[in-house]
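Engineer: Read in the numbering used here, the sequence shown has 101 at position 46, and its numbers run on one by one without any break.
Hints listed in this document are in silico derivations from the structure and should not be mistaken for laboratory results. Careful, some of the hints might be misleading.
What the hints assert, rightly or not - Pairwise CB distance ranges, derived in the manner of DEER restraints:
#1 Pro62 with Gly135: 46 to 56 Å
#2 Asn95 with Ala119: 38 to 48 Å
#3 Lys82 with Gly135: 42 to 52 Å
#4 Leu129 with Leu85: 20 to 30 Å
The structure presented is a predicted model; accordingly, all values stated were derived computationally and were not measured. Every residue, glycine too, gets a C-beta built ideally from N, C-alpha and C.
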Amino acid sequence: MNGSMTPPGTLVLRRGLERLRASAMLKQSLLVFTGSMVLNLCNFVAHAIASRELGVVVYGGLYALINAALIAALPAAFVGPV
Numbered sequence: 056m057n058g059s060m061t062p063p064g065t066l067v068l069r070r071g072l073e074r075l076r077a078s079a080m081l082k083q084s085l086l087v088f089t090g091s092m093v094l095n096l097c098n099f100v101a102h103a104i105a106s107r108e109l110g111v112v113v114y115g116g117l118y119a120l121i122n123a124a125l126i127a128a129l130p131a132a133f134v135g136p137v
């Protein structure tokens, strides 16, 4: 085998990766994914700080209110796309 020959499939893989890099859908999906991860990290930090500052009882009440608002918003999520 000659050293200048490329393994079979390398060219196909390279073309596929170039198409993937040029994909607008991939770029937008990466933006949404990154935004979601940053938001989740901020949410985690906010809950960690709130739990330390408020104490167990008050934070439990706050978390119950957050969950009640989430449950109340569920019907709107089902009706929204219609």
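Engineer: Work down the list of hints and note, for each, if the structure agrees.
Structural biologist: Cross-check of the supplied hints:
1. Pro62 with Gly135: 46 to 56 Å: holds (51 Å)
2. Asn95 with Ala119: 38 to 48 Å: Distance hint for Asn95, Ala119 is violated at roughly 21 Å.
3. Lys82 with Gly135: 42 to 52 Å: Given about 26 Å between the Cβ atoms, the range is violated.
4. Leu129 with Leu85: 20 to 30 Å: holds (29 Å)
In terms of the numbered hints stated before, the structure departs from hints 2 and 3, listed from lowest to highest.
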